[in-house]
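Peer 1: Here our numbering is used: the first residue of the sequence shown is 1, the next is one more, and so on.
Don't read these hints as lab results, they were simulated from the structure. Nothing here was measured: the structure is a model prediction, and the numbers come from that model. We put the beta carbon where it would ideally sit given N, CA and C, even for glycine. Watch out, some of these pointers could steer you wrong.
[Unchecked claim] With a cut-off of at most 20 Å between alpha-carbon atoms, the simulated EDC-like pairs for lysine to aspartate or glutamate come out as follows: (1) 132 <-> 170; (2) 132 <-> 174; (3) 132 <-> 143.
[To be verified] So the derived label-pair ranges between C-beta atoms look like this: (4) 97 <-> 311: 46 to 56 Å; (5) 253 <-> 189: 15 to 25 Å; (6) 188 <-> 154: 49 to 59 Å.
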Amino acid sequence: MRRKWRPSLAFVLGGALCGTLLLSLTGLVAFRYLGPELGYRNTAVLLAVIITAATAVLGWLLVRLLLRPIFALERFATQVVRHPADPLSPPSRFGTQELGTTAQRVIDMAETLRNRETTIRSFSDHVTHELKTPVATLRVATELLRDDDTLSAENLRLVDQIAGAGVQMEQQIDAMRQVARARESRHEGVTCLNAVQDALSSDFPTLEMRFDGGDLIIPIGSNGLLVVLRQLLGNAQEHGAQVVTLSATGDDTEVILRLGDDGPGISSGNAARVFDPFFTTKRGQGGTGMGLSIVRSTLRAHGADISLLPTHDGAAFSICFSTK
């Protein structure tokens with residue numbers, strides 16, 4: 001296939017500068033020699049029309065070779081971020097050689113990330129699907145063994161342990177599906193803390209919630225914000241917190257949502273691992289260790305991120321939303 005020739009960026013910019021300079025010099029020379037012949041007023045009008053037309057041509061070339069390819073690449077990148085599961089629609093025009101190379105690198109990177117995401121999703125779906133049958137078989141087997149009157153107390157305790165392990169496996173499988181959905185789900189729109197305050201108060205009636213900056217616009221849909229805050233508030237409640245403070249601050253570039261509680265806090269040894277998948281300090285109470293992973297996946301799907309703040313009283317998290 002024959003490759004389409006594209007000018008270099010230096011050629012385009014140098015040509016535009018040289019063209020502008022030549023137009024100015026040519027206009028001065030033409031005005032000097034044509035003025036006495038055609039009249040200075042008529043010559044000035046004629047040269048103004050010619051220079052304007054030539055400048056418009058140069059401007060059109062710059063738009064076609066620089067601005068349009070850049071805007072097309074920006075739209076492509078936005079499409080990949082907002083709709084990662086949709087088919088890719090790469091730009092058809094790349095302008096200069098340098099823009100063509102850059103655009104191709106961006107397209108290749110997007111395709112690589114999509115393939116990697118597809119592989120992870122397929123693996124997760126395959127694993128969860130394949131584990132369903134043995135886990136169901138394990139559950140049925142333990143129920144049948146419990147009905148056996150000949151089992152000793154020690155064997156019954158062993159059966160209960162096996163049943164508990166089966167329940168944990170089911171919880172982990174469900175958590176893996178939730179993480180996969182969180183990576184793909186998009187909660188478009190905007191919301192604020194005041195919009196979700198009633199729902200949170202209804203879900204956690206035992207928690208005293210204090211809101212600050214409730215009118216500040218947060219760049220995520222209300223359902224997405226509820227997914228994040230319900231998980232964080234649920235963790236705070238499970239660890240004995242009674243008061244939770246939610247505050248929102250921001251400027252033209254970002255919105256910071258801070259959540260702090262008066263619970264026992266997170267030890268320094270666990271602080272670096274709280275966002276790791278499957279890490280939990282409540283495995284025996286049915287914890288899966290996927291809650292904060294789901295929160296982080298949901299936020300990153302919207303160009304945001306969450307971090308644990310150092311504090312001497314309770315636990316505190318900071319969520320940063322980009323508004324650019």
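Peer 1: All hints, please: hold or fail.
Peer 2: Hint check results:
Between the alpha carbons of residue 132 and residue 170 the distance comes to roughly 8 Å, so the proposed pair stays at or under 20 Å and holds. A threshold of 20 Å between alpha carbons decides the hint, and for residue 132 with residue 174 the separation of about 10 Å falls inside it, so the pair holds. Of the pairs offered as hints, the one joining residue 132 and residue 143 holds, with about 17 Å between alpha carbons and a cut-off of 20 Å not exceeded. With their beta carbons about 52 Å apart, residue 97 and residue 311 fall inside the hinted range of 46 to 56 Å.
Distance hint check for residue 253 and residue 189: the Cβ-Cβ separation is about 20 Å, which falls inside the suggested range of 15 to 25 Å. The hinted window of 49 to 59 Å between residue 188 and residue 154 holds, with their beta carbons roughly 56 Å apart.
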